[in-house]
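Undergrad: Heads up, the sequence shown is in this note's numbering, so the first residue is 867 and it goes up one at a time.
Heads up, a few of these hints could be off.
[Claimed, not checked] Here are the in silico distance ranges between beta carbons for each label pair:
#1 Q889 to V945: 33 to 41 Å
#2 V945 to A893: 16 to 24 Å
#3 H891 to V945: 33 to 41 Å
#4 C877 to R897: 15 to 23 Å
#5 T888 to S915: 24 to 32 Å
#6 C877 to D948: 28 to 36 Å
#7 E901 to D948: 29 to 37 Å
#8 C870 to G931: 28 to 36 Å
Bear in mind the hints are in silico, worked out from the structure with no lab data behind them. Source: prediction; values computed, not measured. We put the beta carbon where it would ideally sit given N, CA and C, even for glycine.
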Amino acid sequence: VDPCEPLPYLCAAIALLHHAMTQSHLAYQDRQLLEVFALFHEYARRCGSHQEAAFNLGRVYHQVGLNYLAVLYYEEALVFCDAESDTVEDNEGTQENGNEEE
867 VDPCEPLPYL CAAIALLHHA MTQSHLAYQD RQLLEVFALF HEYARRCGSH
917 QEAAFNLGRV YHQVGLNYLA VLYYEEALVF CDAESDTVED NEGTQENGNE
967 EE
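Construct the entire structure; sequences and hints are all you get.
TA: Put into structure tokens, the structure is as follows:
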């Protein structure tokens with residue numbers, strides 16, 4: 867496994883999150899959730915898609931009930947979505963203008 871790949875971090879974080887959410891001992895659950903957040907943020911750091919990483923971080927915070935943090939990351943994912951759609955529209959406009967000149 868390539869240590870630079872984000873997928874192992876995402877998989878480990880999801881598995882640990884599921885395990886943490888089924889724990890009855892709160893102190894143990896808190897420690898595991900800290901590890902989950904560390905893995906998710908490492909995944910986000912290595913992920914090539916900022917939109918995907920922001921959405922997944924929002925999803926994990928939403929799942930554990932930290933909705934104020936989830937909203938921040940969901941909004942960040944939407945900003946990346948808007949930026950990408952603007953770039954696509956700009957590229958399509960450039961291509962259309964290029965075709966008209968020929």
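Undergrad: If a hint holds in the structure, say so; if it does not, say that too.
TA: How the hints compare with the structure:
no., hint, in the structure
1, Q889 to V945: 33 to 41 Å, "holds, 34 Å"
2, V945 to A893: 16 to 24 Å, "violated, 37 Å"
3, H891 to V945: 33 to 41 Å, "holds, 38 Å"
4, C877 to R897: 15 to 23 Å, "holds, 20 Å"
5, T888 to S915: 24 to 32 Å, "holds, 29 Å"
6, C877 to D948: 28 to 36 Å, "holds, 29 Å"
7, E901 to D948: 29 to 37 Å, "holds, 33 Å"
8, C870 to G931: 28 to 36 Å, "holds, 32 Å"
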